[in-house]
Amino acid sequence: MPELPEVETSRRGIAPYVIDKKVVAVTVRQRQLRWPIPTTIKRNLPGMTIDGLARRAKYLLFRTSRGTMMLHLGMSGSLRILAAGTPAGKHDHVDIEFDSGKMLRFNDPRRFGSLLWTTDVDHHRLLATLGPEPLNDEFDGDYLWQRARGRKVSIKQFIMNANIVVGVGNIYASEALFRAGISPKISAQRVSKRRMQVMAAVIKEVLAEAIEAGGTTLKDFLNSDGEPGYFKQDLRVYGREHAACFDCGEPITRCVQGQRATYYCKHCQK
DNA sequence: CTAAGGACCTGTCGGC
DNA sequence: TGCCGACAGGTCCTTA
Numbered sequence: 001m002p003e004l005p006e007v008e009t010s011r012r013g014i015a016p017y018v019i020d021k022k023v024v025a026v027t028v029r030q031r032q033l034r035w036p037i038p039t040t041i042k043r044n045l046p047g048m049t050i051d052g053l054a055r056r057a058k059y060l061l062f063r064t065s066r067g068t069m070m071l072h073l074g075m076s077g078s079l080r081i082l083a084a085g086t087p088a089g090k091h092d093h094v095d096i097e098f099d100s101g102k103m104l105r106f107n108d109p110r111r112f113g114s115l116l117w118t119t120d121v122d123h124h125r126l127l128a129t130l131g132p133e134p135l136n137d138e139f140d141g142d143y144l145w146q147r148a149r150g151r152k153v154s155i156k157q158f159i160m161n162a163n164i165v166v167g168v169g170n171i172y173a174s175e176a177l178f179r180a181g182i183s184p185k186i187s188a189q190r191v192s193k194r195r196m197q198v199m200a201a202v203i204k205e206v207l208a209e210a211i212e213a214g215g216t217t218l219k220d221f222l223n224s225d226g227e228p229g230y231f232k233q234d235l236r237v238y239g240r241e242h243a244a245c246f247d248c249g250e251p252i253t254r255c256v257q258g259q260r261a262t263y264y265c266k267h268c269q270k
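Counting in my numbering, the first sequence runs from 1 upward without gaps.
Warning: the hint list may mix true and false statements.
Derived pair list, reagent style SDA-like, types lysine to any residue, alpha-carbon separation capped at 20 Å [claimed, not checked]:
#1 Lys42 <-> Lys102
#2 Lys266 <-> Thr253
#3 Lys21 <-> Lys42
#4 Lys22 <-> Thr118
#5 Lys21 <-> Phe98
#6 Lys102 <-> Gly52
#7 Lys102 <-> Arg29
Here are the in silico distance ranges between beta carbons for each label pair [to be verified]:
#8 Glu205 <-> Gly101: 37 to 45 Å
#9 Gly85 <-> Lys185: 49 to 57 Å
#10 Glu205 <-> Lys90: 35 to 43 Å
For the record, the hints were derived by calculation from the structure and aren't laboratory data.
Yeah, the Cβ is synthetic: ideal placement off N, Cα and C, and Gly gets one too.
With the sequences and hints as input, model every part of the structure.
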């Protein structure tokens, strides 16, 4: 479910309900997520006010004067704002209740998500080595080209590497490569500087468009039960194996790279 | 250092 | 209907 656009959409959706709100209770029903939820959360969070809600890569950062709660949605996590006391269903692992009478509920069937606590977010090991945010100015074609020196890995796996650039998930990696006309299989070091400039531009474009489309998701976000696939109508190659390419009409190809599915047009992408 | 593969976990879908 | 394998929007860790 969560690519960067959806994480950003989630952040915007929940922000009004958590910022400047005081936590009155934390309920943990299942602490075995990607990592066990530390006891420091239940110990530190109640009584604290959420001073800010930021996003770094796909982590949501809930800032308090005592420390920061880091939340990652993993592969199947979702957040909802509900009235406090709403009965919990399957995979509703954590509730954070506020003095407003609302609560933030974290649901995650596959439990690849995580909920962590840190007093030093600037040096946290999971954040320290991350590459730039794709929508920031520091991320551009020159940067990509420079980082690709000596990299034999495929361009698709290269742009999905969070140490190079964060937030490019499996769907938008395929989508961006299609828009750039670049084959997902070519080695990163063999992509010219000019083409890397196109690469960076389309990554920004596709993520920005998806965040924009997230407005629709945002609306449903609070009252739906997390149906996936809001961006489906905009996808040009992802999930379209054998279907006709929108540009040339040739069938879309599916292959596997790094154990993840890749979709591309052999005719349009070289 | 890079690259490749396994690991974590549940749910759904198609085929037999 | 039941069973089984393949697959799913992430990413860290181990090994070579």
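task: Find the hints from earlier in the document that the structure breaks and name them by number, from lowest to highest.
output: Result: no hint breaks.
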